[in-house]
Structure formats: structure tokens, C-alpha cells
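1 is the number of the first residue of the sequence shown in our numbering; add one for each residue after it.
I should point out that these hints are in silico values taken from the structure, not numbers from a laboratory.
What you were told as hints is all true, and nothing was included just to trick you.
With a cut-off of at most 25 angstroms between alpha-carbon atoms, the simulated DSS-like pairs for lysine-lysine come out as follows:
no.	residue 1	residue 2
1	Lys59	Lys4
2	Lys232	Lys34
3	Lys35	Lys48
4	Lys250	Lys232
5	Lys179	Lys48
Pairwise CB distance ranges (calculated):
no.	residue 1	residue 2	range
6	Asp182	Lys252	45 to 55 angstroms
7	Asn209	Leu25	46 to 56 angstroms
8	Gln32	Leu247	18 to 28 angstroms
9	Gly43	Met1	20 to 30 angstroms
Everything numeric in this text was worked out from a predicted model, so none of it was measured.
We put the beta carbon where it would ideally sit given N, CA and C, even for glycine.
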Amino acid sequence: MVLKNVDDKREIIDGLYTLLKHPKLYDSKKEQVKKLAENLKKGWRNEKEASYYINSYFKHRKDMVVLHDLRLVSPEETLQIDHLLIFRFSIVVFESKFFSSPLHYDPKNGEFFLSYGRKKFAIPDPVKQAERQTFALGRFLREKNLEKYFPKPKEHFVLVSPRVKFSGKMPERVLKADKFVDKFKEEDEKMGIGTTLIRAVEFFLHSNNMIQEGAKKLISLHRPFTLNYYLKQLNLEWTKEWIERELKKKRKWG
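Please build the complete structure, drawing on both the sequences and the hints.
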């Protein structure tokens with residue numbers, strides 16, 4: 001079942017695009033704001049697309065929980081989880097990535113690249129990023145005394161748009177959003193025909209009610225992004241009231 005969907009980012013994105021009309025904004029700062037707004041828009045679209053494929057397979061399941069777009073804050077770190085699948089025997093963390101260019105992988109050196117024309121540019125390893133998020137989630141659950149509700153987070157994958165072109169074979173943890181279901185059908189079959197002792201123990205230790213209760217506690221700790229958060233990042237907090245006035249006028253006049 002789906003207990004949390006992707007947050008609505010329209011207010012943030014509309015606010016940033018409105019900010020581009022501010023009369024006291026330098027061109028260089030406008031470019032920065034525009035780039036941020038476009039990246040947020042693309043990222044939001046990618047998250048919604050990935051959540052559509054996840055929900056289409058799991059929304060009617062009563063024996064597991066799906067959480068999308070979860071932002072958890074502790075004194076030590078801020079954790080952003082794009083998609084979280086909670087089974088009685090396993091927790092799976094998904095990192096959504098938006099790539100507008102073909103994705104390349106060098107298995108010899110374990111490096112990822114994006115190609116623009118004839119040039120390739122190295123990018124941070126998305127699988128390692130997902131792995132770090134998984135470890136961070138485990139720390140957060142311990143810190144908030146929520147460990148008893150869940151199996152230990154171990155599994156992690158990267159979801160990309162079905163439209164992204166792959167150059168060469170990708171690591172098994174990089175999946176196109178419309179193909180990930182095949183992977184988890186296999187997981188279901190494994191659980192059905194027999195599994196490791198650890199997974200079996202986790203399954204019997206965590207009831208459906210327990211993981212649902214734990215998921216609701218996680219949702220209560222969610223701290224969504226706000227327009228003000230991004231204005232702080234841009235050192236443009238002083239524009240907040242102006243943006244609110246402009247958006248109010250826009251809503252009034254349609």
C-alpha cells in the first residue's frame with residue numbers, strides 16, 4: 001500500500017519562476033534561479049514518473065508499504081529518500097535520477113559518464129549515493145528508536161527514466177523505472193519458494209501492522225522542502241514577500 005506520495009512542488013517552482021521577474025535581480029542571479037527552477041521541475045517530473053511505475057505494481061499490496069519523497073532531518077544530517085519500499089523481510093531504497101543525455105558506465109573503473117555530443121563528462125556514482133542513503137536511513141532509525149518496526153535497510157537501487165539511453169551494460173542496481181517491476185517479481189518468487197534464514201527471521205519478526213505503524217511514524221518526521229529553503233540557499237530571502245504578493249495577484253487574475 002502507498003502511505004505517502006510525492007510532494008507537490010508547484011508552489012516552489014512557481015515561486016522561483018515568479019522571482020525571475022523581480023526588478024532588482026541581476027542577470028547572473030536570474031540565471032542561477034532559472035537553472036534551479038528547471039532542475040526542480042525536471043526532478044519532480046522524474047520522481048512522479050518513477051512513483052507511477054512503483055505504485056502501479058504495489059499500491060494494492062497489503063503486506064508492504066510504499067513511501068515516496070521522504071525528507072528526514074537529524075542534528076547530524078539531512079536524509080532525502082526518493083522512494084522507499086518496506087517489506088516485512090527487507091527495506092529497499094530507490095534513488096531517482098534525471099539524465100537528459102545518454103548514460104555510460106565503465107565497468108573497469110566503476111565510473112559513470114554522461115555524453116554531450118562527442119564529449120563525455122564524469123558524474124558522481126549514483127549507486128554509491130543510493131548506498132549512502134541506505135546506511136543513513138539505518139542510522140536515522142536507530143537515532144529515533146524506530147529500529148523495532150523495520151528490518152534492517154540494506155537494499156538500494158537507482159531508478160532512471162525509461163527514455164534514458166544506456167551505453168553498454170549497466171550495473172544491476174541501475175534500473176529503468178518501467179523495468180524495475182521485473183526485478184521485484186523475482187524477489188517475490190524468492191520469498192515464496194524459500195529464502196535465507198535472515199530474511200525468514202525478519203519476515204516473522206515484523207508484522208504488517210508493525211511496518212505500517214513504523215511507516216506512519218516516519219511520515220510524521222517528514223520535513224518537506226519549502227520555497228523559503230531555496231531562497232536561503234540563493235541568499236534571496238529578502239524577496240519572499242515580493243514573491244508572495246506576485247503569486248497572490250496571479251491567482252486573483254487567473
